[in-house]
Amino acid sequence: MSHATAGHGYPHAKTLGDWIKRWVFTTNHKDIGTLYLLTSLLMFFVAGAMAMLIRMQLIHPGNRLLDPDFYNQMVTMHGLIMVFGVIMPAFVGLANWQLPLMIGAPDMALPRLNNWSFWLLPFAFIILGSTLFMNPAPNFGWTFYAPLSTTYGPPSTDYMIFAIHIMGLSSILGSINIIATLLNMRAGGMKLMDMPIFCWGWFITAFLLLGIMPVLAGTVTMMLTDRHFGTSFFNAAGGGDPLLFQHLFWFFGHPEVYVLILPAFGVISEIVPTFSRKRLFGRSIMIYAIGIIAFLSYIVWVHHMFTTGVPLAAELFFMYSTMLIAVPTGVKVFNWVTTMFRGSLTFETPMLFAIGFLFFFTIGGFSGLMLAIVPADFQYQDTYFVVAHFHYVLIPGSVFALMAGVYFWIPKWTGYMYNEKIGQWHFWLTVISFNITFFPMHFLGLAGMPRRIPDYALQFTDFNVIASIGAFIFGLAQLLFLYNVIYCIRGQGRKATDRVWEGARGLEWLTPSPVPYHTFTHSSEFEKGESH
Amino acid sequence: MKKCLLKITLMILMGFVAPVWAENLPRFNMTTGVTPISHQIYTLHMLIFAICVVIGIIVFSVLIYSLIEHRKSKGAVSADFHSSLSIEILWAVIPFIILVLMAIPATQVLMEMNDTAHPDINIKVTGYQWKWQYEYLDYGIKFFSNLSTPEDQRQSRAKKNQWYLLEVDHPLVVPINKKIRFLVTSNDVIHSWWVPALGIKRDAIPGFIYEAWASIEKPGIYRGQCAELCGINHGFMPIVVEAKTQEDFDKWRAENAPSTTATAPTAAAPMSQDALMSEGKELYNTTCSVCHKPDGSGMPPAFPALRGGKIATGATAGHIDIVLHGKPGTAMQAFGPQLTDEQIAAIITYERNSWGNNDQGKYGKAAGGIIQPAEIAKARNQ
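Sequence lines, in order, name chains A and B. Each step along the first sequence adds one to the number in the working numbering, with nothing skipped, and position 129 is 129. Each step along the second sequence adds one to the number in the working numbering, with nothing skipped, and position 63 is 63.
Keep in mind the hints are simulated off the structure, nothing from the lab. Check the hints yourself; a few may be wrong.
Stated by the list, open to error - With a straight-line cut-off of 25 Å between C-alpha atoms, the simulated DMTMM-like cross-links for lysine to aspartate or glutamate are:
#1 B:Lys327 <-> A:Asp67
#2 B:Lys160 <-> A:Asp67
#3 B:Lys72 <-> A:Glu530
#4 B:Lys74 <-> A:Glu502
#5 B:Lys327 <-> A:Asp241
#6 B:Lys159 <-> A:Asp241
#7 A:Lys332 <-> B:Glu255
#8 B:Lys293 <-> A:Asp498
#9 A:Lys332 <-> B:Asp80
#10 B:Lys72 <-> A:Asp498
One chain only, chain A, in its complex shape (with noise of 0.2 Å):
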C-alpha cells in the first residue's frame, strides 16, 4: 500500500454565506455522506415520534389520542420516512463515506450527480411532509393499495406521488454513482473479488435499485393518470385490477427490503471480523450468498399476496421461492458465527451491535420462514405476527448495523472516539427495549389482533400495554446515540489512532484520523489480504 495522502482540509467557512455554499455545492464525497446520514439522523426521529405517538394511542383500549384518519396517517407515514427517508439514505451516506475510503479512491465517480442526488432529497421530504397539513394526509398505509388510495385517495396523495418520483430519482441516480465508482475507481491490483464485502453489499443492491425504483416510478404514474386522466389500470369498474396494483408495487417492495438489508450485510460482514481478530469465514461464499439473495428477491414479490386469491400454481410456486431464501440467508449467519468461533473477542460497541444483529434479525429470519408456509399465512397474514416480524428484520437488521457501522466508523470521520460507556447504555437499553416492545407481538397476532387498527379487542390489551411501555423505553435511548454523535462531532472524546481499532483491516484504516479532506488524490497500490 503507498501513501493515503493527507490533503487539504477544507478550509473554515468565514461567513454564513460561504457556510451554506460548502454545503450545498459541495461534491466532496465525505461532505455528502455527512449530509446523508444527518439528514437520515433527523427523519430517524420524525419517523421515530410518529411511533411513539402510535404505541400511545394502542397502549389501551378505547379511543385515546388519535382520531382513526389521524392514526391511519401516522401508520403511513411512519412506514414510508423509516424505509425512504431514515434506512436508505442513511446506507447511502455510509457508502458515500466509505466506499471511497475502501477502494483507495479519491471520491465517488460522478461528483457533481453525487450532489444532485443528495439535494433531490430534503426537497422530496418536504414535500412528503407537507402533505401533513392537509388534512387528511396519506392515510392509507406505506404500501398504499389501490383503490383506497387512488379512487378513494385524498388529494394529498398526488404530493405523495410526486414525492416518491423524486426519491426515486435520487435512488437511481446514486446507484449509477456507486457502480461506476466500484467498477473504475479502485485501486491498482484489486480485483472485484478483492473488494470488502461492504462495497460488494452495495455493488449488488445498487443493481437492485436500478431494477425496481422505475417499476415503482411507473406504478405511481398510473396511479396519477388513474386518479386525474381517466385510465383504468386498478379500477375493475373500467376493466382494470386491483391485484395489478399489488403485483407491480411488490415487484419492487420484495427487492425493497433486500436493498435496506444487503448493505447490512456488509457492514456486519466488517465488524464481526474486526472484534473477533480474525478472517471472515468464507469470504467467496459470502458474496455469491449476497448475489443469490438478490437473485431470488426477485422472484418472491408474490408471498406478499398469498390471500388475495392468486392461483395454486401460482402459491406454490412462490412459497418455494420464497423457502428457498433461506438456503442463502442461513450460510450467511453460520459464516459469521464461525468465523467469531475461536476468535478473539471484544465487545465495544460496534460489535454489541453486531451480535444484536445476529441474534435477533435470525429471529425475524425464522418468523420469515414460517411466513413462506403458505397455509401458516392464511393465519399470520395482516396480522401483528407481521409487524413482529418485519420489526425483527428492519431493527435488528437495518438499524442495528446503521448503528454499529456509524459506532464503527466515526472515529475515523471525526477524529474522536465516542463514549463508550454511553455507547454500551445505549446497546443495553436498546435491544432490550426493543424485545420488550416487538416480541408480544408475535403473540398478539398469532392471539388474532390484525394490523393498522387504531382500537383492539379486550383479550389484546396485556400485551399491548407491554409493547408500548418497551416503545417509549426504545424511543428515549436513541437520544444517548443522538449525544454519542454530538460528542464525536465536537471532539470531546480521545484522539482516535489511525488504525482506530486493532483487528481493523483495509484501506480506509490506513488513512489519519481524522480522515483528511482528500485522500487517495495519488494512485495506489492494493496488496491482496488487505481487507477481510
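Given the coordinates of chain A, work out where chain B should sit on it, guided by the hints.
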C-alpha cells in the same frame, strides 16, 4: 403468583405447546380452530415453529459458546481458519433438505384449501366500508352485519363489555358439518374476511370474486375482523359467525326467509312522524353513525357533519338523492339497493329533524320536513 410464573416459564420452554385460554393468561398462540383446515394449519404452524426453535438453539448455542469462551479477556488467541468448501456445502444442503421436507405437508394442505368443489351451501360475502353483507345464494336470504359496540364504550364513557369491537347486530348463521363455500368480494376498496377459527382469510377485492371454504365441526360463536386496511373504520368492522346444528339452522332459516307474497310494496302506506323518527333513529345508529357519529357531528373533512349540514338542512330532493345514490369515490355508498323505501324515509326524516336541523329560522324554509316512503319510491323511479 409463583404458580403462574412457573406456568409461563414452562410454556415458553415447551414452545407454548397448548393453545391455552389459561385463566389469567392472555392468549398467545394460534387457535386450533374448528375446521379440518384450521387444524392442519395449526399443525403446520407448530411444526415449522419447532424446526425454527431447534435450528435456533443450535446456532445460538455455538454463538453463546464463542461469546463466553473465546473472549480476548480470557486470553483467547484467534485461530487462522477462514474457509472450508465442504462445510459450506454441508450447511447449505442440510437446510435445503429440511425445507423440502417442510414443503411437502404445506403443499398438501394448500391443495386441500383450494378445493372448493361440491359445496352444500354458498354464501356471498361482500365487504363495504365498513360492514359486511352476507347473501345466502341458495336461500335468498341477504343482510348486513354492522358493529354493535355502542359509541359510549368506544369513547370510554361506559364500561367495555367482553366482546368489545368483536360484536355485530346480525351474525352470519351457518350449519355445522356442511361444506360452506364463501364467495368473497367487495363493493368499494379491498377488505379481507378473516375468521381465525375457520382458518379462512380471503381478501375481498372489488370487481372480482374469490373463494374459500369451511366445514365447521361444532356449534359456537366464532369471531374475526377485517384484516386489510380499508379506510378510517378498518378497525371497526368485525365478523361474527354463529354455527348451529342443522336443526337450529333450519329454524333460523325459516324465521328469516324472505316473504314470498309481498315482494314489491306497491302502495307504500304513509307513516306517522313518531314511527319514522323512532325507526329512523335505530337505523341511523347502525347504518350511518359509524361515520356521521351519533350526534351528527361527523368526522370532517372525510365525513361531513349532518348537524347543521347543507344536505340535511337543504332541499329534500338533494338529501334523498345522496342517500339513494351515494357519492362515488367516497365511503358514502348508494343506499338505494341496501334499504327499503320505508327505511330510507325514516333515516332521512330522522336526520332532518334531529340536532336542531329543523330550525327553519336558522336554516331557511327547506329545513325539517317529514319524508314519506312514497317520495322515496318516486325518486327511485326517476
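The hints, checked one at a time:
The suggested pairing of Lys327 (chain B) with Asp67 (chain A) holds, with an alpha-carbon distance near 23 Å, which does not exceed 25 Å. Restraint check for Lys160 (chain B) and Asp67 (chain A): the C-alpha separation of about 19 Å stays at or below 25 Å, so the hint holds. About 23 Å separates the Cα atoms of Lys72 (chain B) and Glu530 (chain A), which keeps this hinted pair within 25 Å; it holds. Taken as a hint, the Lys74 (chain B) and Glu502 (chain A) pair is honoured in the structure, with Cα atoms around 17 Å apart against an allowance of 25 Å.
Among the hinted pairs, Lys327 (chain B) with Asp241 (chain A) is consistent with the structure: their alpha-carbon atoms are about 22 Å apart, no more than 25 Å. For a cut-off of 25 Å, the pair hint linking Lys159 (chain B) to Asp241 (chain A) is broken: about 44 Å separates their Cα positions. Between the alpha carbons of Lys332 (chain A) and Glu255 (chain B) the distance comes to roughly 63 Å, so the proposed pair goes past 25 Å and is violated. Restraint check for Lys293 (chain B) and Asp498 (chain A): the C-alpha separation of about 66 Å exceeds 25 Å, so the hint is violated.
Distance hint between Lys332 (chain A) and Asp80 (chain B) is fulfilled; the C-alpha atoms sit about 19 Å from each other, no more than 25 Å. Note on Lys72 (chain B) and Asp498 (chain A): the hinted pairing holds, with a Cα-Cα distance of about 22 Å set against a maximum of 25 Å.
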